[in-house]
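Sequences listed follow chains A and B, in order.
In terms of full-length UniProt numbering, the first sequence is numbered consecutively and its last residue is 337.
In terms of full-length UniProt numbering, the second sequence is numbered consecutively and its last residue is 531.
Hints may be right or wrong, so weigh each one.
What the hints assert, rightly or not - Quick list of simulated restraints, FRET-style, between CB atoms: (1) Val315(A) with Gly62(B): 55 to 65 Å; (2) Glu423(B) with Leu182(A): 16 to 26 Å; (3) Gln509(B) with Ile125(A): 47 to 57 Å; (4) Ile117(A) with Gly409(B): 39 to 49 Å; (5) Val95(A) with Gly477(B): 53 to 63 Å; (6) Ile120(A) with Ser430(B): 36 to 46 Å; (7) Glu423(B) with Ala259(A): 19 to 29 Å.
By construction, these hints were calculated from the structure, which means they are not laboratory data.
All of these numbers come straight from a predicted model, not from anything done at the bench.
Built from N, CA and C at the ideal position, the CB exists for glycine as well.
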Amino acid sequence: MRRLLWPLVVLALLLVVNVIFTPTFFSIQMREGHLYGSLIDILRFGAPLILVSLGMTLVIATGGIDLSVGSVVAISGALACLQISQDAGVLTAVVLALGLSVLLGAWNGFLVAAVGIQPIIATLILMVAGRGLAQLITDGQIITVNDPAYKLIGGGYWLTVPFGILLVLAVLAVTVFLTRRLALGMLIESVGGNAEASRLAGIRSRGIVIMVYAFAALCAGIAGLMISSNVSSADGNNAGLWIELDAILAVVIGGTSLAGGRFSLGGTVLGALIIQTLTTTIYSVGVPPETTLLFKALVVTAVCLIQSPAFRDKVFRRRGRPPTPRPAAEEKVRVTA
Amino acid sequence: MTGPAPGAGPVPRERPCPGGAVDREGAVEMAALAPILRMSGIGKQFPGVKALDGVDLRLLPGEVHALMGENGAGKSTLIKVLTGVHPVDAGEIELAGQAVAFGSPLEAQAAGISTVYQEVNLCANLSVAENIFIGREPRRWGRIDWRRMRVRAADLLDRLELDLDVSAPLSTYSLAIQQMVAIARAIDIEARVLILDEPTSSLDAGEVEQLFRVMRALKEQGIAILFVSHFLDQIYEISDRMTILRNGRLVGEHLTSELSQVELVAKMIGQELADLEKLHGEAKVFDRPLVEARGLGRTGAIEPFTLTVHEGEVVGLAGLLGSGRTEIARLLFGADHASTGEIAVGGVPVSLRTPRAAMTHRIAFCSENRKSDGLIPDLTVRENIILALQATRGWTRPVPREQQDELVGRYIKALKINPANPEHLVRDLSGGNQQKVVLARWLILEPRLLILDEPTRGIDVGAKAEIQRLVARLSDGGMAVLFISAELEEVLRLSHRVGVLRDRRLVAQLPNDATLTNDVLLETIASGGPA
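Generate coordinates for the entire structure from the input sequences, incorporating the hints supplied.
As structure tokens, this is what we get:
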């Protein structure tokens, strides 16, 4: 659990800053049978990012990366809205959208594991082409839908709680089950930690890698449904734009190494929450809109530095302990003389 | 004026002979060939290991000098100390009579000591000329003078008697040519000493001949070449003298023409004939073939061989490093694809295209390279041990935690893995314990054929004896074992039969009876045929 310490500290710090600027930040009220409050908002608006980050965590754990999740978000939302606008049932729309997402993810995995293309290139293909595909689905228009059942996914409530939060909890539970109760997590970590040794231990890494990319796309697909449902429209151009970068950031902040191997789902959730809280903080503190991105970049840089053990050693321990002299130094002088 | 006037008296100018040794060719020859490089009393200590201890080496201009020794004898360390990769702990290095101590390979290069490593460190996508001059491009008006670069590159390659298109990308040429381009790059920097660290390990016979032509041309030009290779034939073909190391110590310096191959191998391995403790029980009859390889081979790795391993039999493989021992193991495990031949398990022909396929026939393989091919450093001891078992079950059927704990606990105890904590990260364990973890991973699968490639390398004596006893016990219990080791003594102790490899060829299979001794094995390794 020590790995989660720093993300927790950062999140707590951000929350404290918010309380200072907005004293009512922690208050949660019940209005018209729904939970309301800043914390609830962070969870609700952060839900798509958490989902995408969960999928990204597993991809990164295999030593890969998935740049196409933002495009998958757009495609999934576009297909679902198109279906609903053509009077298909919500269930059909959702199943079709998620089915297509999984297919696209499997394609990514196929390129990486079977064809052997570097993950960053393989998924870059879909990142670029996927936006076009989303445009194609919506015919270049923004499709608006008005279906209360579809609205539930991203904008509705169930048992007083925003439905999106429940959805995230469900996906998180399934992911934890697959990776930690079943053996998927260990095999993923093994493939990411040492691919050749895993092969020699008899692990069929190809299937695992394809599955992981498909899962990441599924998560992105669900996030796409949430985002389009929340605004009741599908925008092929802007839905999920740059979400892949936020997701990668969330994974890294959560303590999973980009080199692959050990991963932490809890850390990723914390990382995604930190990013979402940061966005909220920027609004509540009143940072001018034109400097928002710069401000975010500064905070993220700081977070990454704090997390780096090498950096902490340099800053915090330098004054404390003098460097021990190298024992070889004396002899070396004698030799060179 | 004080002091002797110039030419007034005889000034003693004779060079003292190094170490008092008088060359048989006579003192005149010796004076003409003062060593360009002299290393004396070199010592190097790594944490817990004395890598070099009082090693001397001298290189004469215009000679090819072979640096010989088994794996871990200190050859690479000596080269690294010489070229400034590591600082020396003791001893002196003299280049052309001047004491030197290089802080980095760059400094060594500037002083005229160039190194070409086994792996070609060049950029295959750049042209031949660019590769030769990368970082030192001839310039005019601050811009690269491409014309002059091409002309100079062609001149340089001419010195090596090579005729290449210098503007073609390096990747269009074979590995041998790439190696020679690396050499061209090295000698352009006014090299006086050229170090070739296993340059021939990935070359075929024709390419080796080509390389040797280049080496002879350089020799003519007075460059001293230090040559490291595991191929004895090549050493005897090209080298003039050799320095032999064993366990970080100097064994001796010899003229190649005065040392037979048998003597060389004996000096490299060391004739420590320990008493042969009987490890196996009573003599057994092996009449149930388990794995039969017929004409199995892989181009460039191992010549086709035929080998049968019976149930309960330990077959040892002996031979120098690079002789094809590991290649046989990898083919039998499906880690590499065979280009010829066939395998049968229990009399049934099978196709071992992947390790997983071999595992379904209950063949297990402990690689010699624990770090890169065995361990998953980030996972715990428990996870590393159950990895292969879990792989056979797929991800949907996890090994139940109680069963994991039981299996892991049993093997931690049986193999005395220390620390005995299953949740310890395997990266923090010592080499011997890591080896035991990999062994445990395969033993819980209860294989019928266990392939052990250098299972005792780099681990302490106690762990070594434990692993040897374990192998004997397993084979007495009916398991077939293919045991690969560089230590002949160990192979002789454990094996019922010994296969001898030389230059990527299985040259002999000898029953381990009273007539098979260390000397017979050495003779077979050196001569390439049954004694």
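**Study point:** Violations among the numbered hints, reported as their numbers in ascending order
**Key:** Violated hints: none; all satisfied.
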